[in-house]
Amino acid sequence: MPTYSAGATEDIDVFQSGTMRHEQEAHELIDEEYYMFCNEGSDNDILDDDEEASKSTDKLSEIDPFDTVYSNIPDSTHVLKLDENCKHCKARKFESGTDGFCCRNGQIQLKQPEPISELMRLWSSMDADSRHFRENIRFFNGNFAFTTLGVSLDENYTNMRSGVHTFRAHGTIYHNVHSFRPSSRLEHLQLYFYDNDPNLDHRKAATKQLDQDVVKRLVDILKENTYSQQFRSLGAHKDNLDDYRIDLNTDKRLDQRRYNRPVSSEVAAIWVEGTDLAKRFDHKITLCGNNNGRHSIRVTSGAYDPLSYPLFYPMGELGWHRKLPKRNVDWNVVQNPLLAHDDEDDAEGNSRLCVSVRDYYCYMLQTRPAIFNPILCGARLLQQWAVDMYIKIESCRLRWYRKNQTQIHADLYKGVVDAISSGETRARAIGVRIVLPGTYPGGDRDMKKRHMDAMVIVHTYGKPDIFLTMTCNPKWEEITNELLPGQTAQDRPDIVARVFYGKLEAMKDFLLKKMVLGVVAAYVYIVEFQKRGLPHAHFLLIMDSNYKLLVPEQYDRLISAELPDKQKYLELYAMVVKHMMHGPCGALNPKNVCMQDNECKCRYPRPFNDNTIQGKDSYPVYRRRDDGRRAKVRGKMLDNRWVVPYNPYLLRMFNCHINIEVCSSIKAVKYIYKYIYKGHDKASFSIDQPDADGN
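Numbering (the UniProt record's numbering), first residue to last: 1 to 695.
One or more hints might be untrue.
What the hints assert, rightly or not - Below, computed lysine to aspartate or glutamate pairings styled on EDC-like, alpha-carbon distance capped at 16 Å: (1) 238 <-> 211; (2) 238 <-> 266; (3) 566 <-> 482; (4) 204 <-> 187; (5) 216 <-> 201; (6) 81 <-> 482; (7) 93 <-> 482; (8) 514 <-> 544; (9) 93 <-> 565; (10) 87 <-> 75; (11) 632 <-> 562; (12) 204 <-> 220; (13) 81 <-> 67; (14) 81 <-> 453; (15) 216 <-> 195; (16) 284 <-> 242; (17) 223 <-> 197; (18) 463 <-> 453; (19) 284 <-> 266; (20) 238 <-> 187; (21) 463 <-> 544; (22) 632 <-> 565; (23) 81 <-> 544; (24) 223 <-> 195; (25) 568 <-> 220.
As the list claims (entries may be wrong) - Each pair of labels, with its calculated beta carbon distance range: (26) 434 <-> 530: 23 to 33 Å; (27) 75 <-> 445: 26 to 36 Å; (28) 636 <-> 439: 31 to 41 Å.
Derived from the structure by calculation, the hints contain no laboratory data. Just so we're clear, the structure is a prediction, and the values are computed from it rather than from any experiment. Even glycine gets a Cβ: it sits at the ideal position worked out from N, Cα and C.
Input sequences plus hints: build the corresponding full structure.
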């Protein structure tokens, strides 16, 4: 979320600083950077051909007067330190990690079930069948799930055959369980009726593209699943299901502070129409054998997770529910409605006594020594699970706001101002609305409040001087060291996010305390996750009056848009080639992601330029000399025209894509601040009465 601060600091000599870019250019470069990291062979192109890749000028022995920008380059790259494991739950902790993130400083304790040896082998080994299992994990889970998944996905990134897989959901996620009237195609819950068949013909028909030996192993593993046991018992009656009913207990509660496996008769019941067994559970979903009715599983139900992710919960273990007590809270206290409130729609639970939905899944995402966590081995299924649980958390928060409008004083917001700001001008059309307060992160009021605060900072301290974009490097050693065998960074978004947070805190320390770009009077920054899932941060820095960037000569002391001398700065040269080269695009690669209408959105390649000038619309045009230096990038030889502006000190220190640009005109202020506070993508539409022509 956007953060801002202001304050003066003591004077210090400045030797670094930065610039600004258009919105499309920034994000295309960020996406291209991640695409470059995740395609094989990109590392091998950097230093292959010394003769071609680093042609320097004819006067290498002379001192380059423009080498000032390369002064004081650090000798090593910043590395995050591992803190001691949490003293309460033994979770792995990174430098700058949030205190209590894993277990609320001992308030939460959940028992991890003992892993099933064969399933653990499929999750973790490098055998051929295990790799096939993990590569197709979403298909395997979808085949064995008891529910159907309803979600609107961004197909451009979710089901890519190559490149980076990113599970991007639009809107909410639904997990529906269907009744079981026989049909021509068996799927999901119905498949379990036939799992006692030794030939497994039903599974083979539903999983033709999957390894049948792996399917057979999973069928055997899930025979111990409490839901599977109930459903398989209907196999003897599969030819006459019309009168049968299945009740799913949606309010089953277990104390997960110790391993407490549910009993099959407690999670589901099978009965015949007309008998007196229909009232076994107070809260239930009834599935019928004579229709195909669809029922949604509520996010507050403990059955939500095991029904949707049986490969993560192979024994049918319950997930989060509203009455899960904290560590030292008696189980009977939270179950008693007189002692703890029993509001059906309070999905966050009683925070004083019960584990909230957010805290539960934070606990489940931790790495702990000697404890096998199948969720962290889930690869693409981990991405789906993480998005699903995040949406569950947000749904719980939104439900709480809807049920507690009086507590947040929503009546103060409902009025003419809100109506006009939303575009409504007809008084008769203004009705009851659900108000999100300014404390809800990412809401309209929150974003407007932050934007106005930023404008006040500009009014007080002046226009921003530097626009800095920092993108996570998925090949940071802190990330690669934490990956399990066979994993890539895209398989562990939890590690990527935590390491980036630590690096971001270090970047703030370098900018604001060590003042490597000069004395910062005020700043604003925001963290985003864009198309390919890689986190990045946008900074706007307002420098102290003694460190303002006023003329192009100052820009050249702080920013480079050229390949450095490979002989003098070998490590920096490799990082520029790896992180700061755009493309290739245009004639060299017309299918690159930045191409639109046969032109590069980011306007690369830029023209050669002997000197930095203010340029059109007062945006700087950086020095890009035709000095003969070239580098091979993804099979193409590129020169200075393709270099993205960077600061050598920060690039060498953090070893990731760090674009720095000068905000050289007041014209840029409104655009930049509106850009970083733009919030989520939205669409506006209206439904009106048809006109005379029926439109």
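Hints versus structure:
1. 238 <-> 211: 26 Å, violated
2. 238 <-> 266: 23 Å, violated
3. 566 <-> 482: Measuring from Cα to Cα gives roughly 32 Å; hence the hint is violated.
4. 204 <-> 187: 11 Å, holds
5. 216 <-> 201: Given pair residue 216, residue 201 holds - Cα atoms ~11 Å apart, limit 16 Å.
6. 81 <-> 482: Distance ~13 Å between residue 81 and residue 482 Cα, so the pair holds.
7. 93 <-> 482: Roughly 11 Å between the alpha carbons, so the hint for residue 93 and residue 482 holds.
8. 514 <-> 544: Roughly 14 Å between the alpha carbons, so the hint for residue 514 and residue 544 holds.
9. 93 <-> 565: 39 Å, violated
10. 87 <-> 75: 35 Å, violated
11. 632 <-> 562: 14 Å, holds
12. 204 <-> 220: 15 Å, holds
13. 81 <-> 67: 33 Å, violated
14. 81 <-> 453: 34 Å, violated
15. 216 <-> 195: Holds. Residue 216 to residue 195 sits at ~10 Å (cutoff 16 Å).
16. 284 <-> 242: 20 Å, violated
17. 223 <-> 197: 12 Å, holds
18. 463 <-> 453: 14 Å, holds
19. 284 <-> 266: Given pair residue 284, residue 266 holds - Cα atoms ~11 Å apart, limit 16 Å.
20. 238 <-> 187: 14 Å, holds
21. 463 <-> 544: 11 Å, holds
22. 632 <-> 565: 15 Å, holds
23. 81 <-> 544: Since the Cα atoms of residue 81 and residue 544 sit roughly 32 Å apart, the hinted pair is violated (cutoff 16 Å).
24. 223 <-> 195: Holds. Residue 223 to residue 195 sits at ~8 Å (cutoff 16 Å).
25. 568 <-> 220: 62 Å, violated
26. 434 <-> 530: 23 to 33 Å: 29 Å, holds
27. 75 <-> 445: 26 to 36 Å: 48 Å, violated
28. 636 <-> 439: 31 to 41 Å: 50 Å, violated
The structure fails hints 1, 2, 3, 9, 10, 13, 14, 16, 23, 25, 27 and 28 (numbered hints given earlier, in ascending order).
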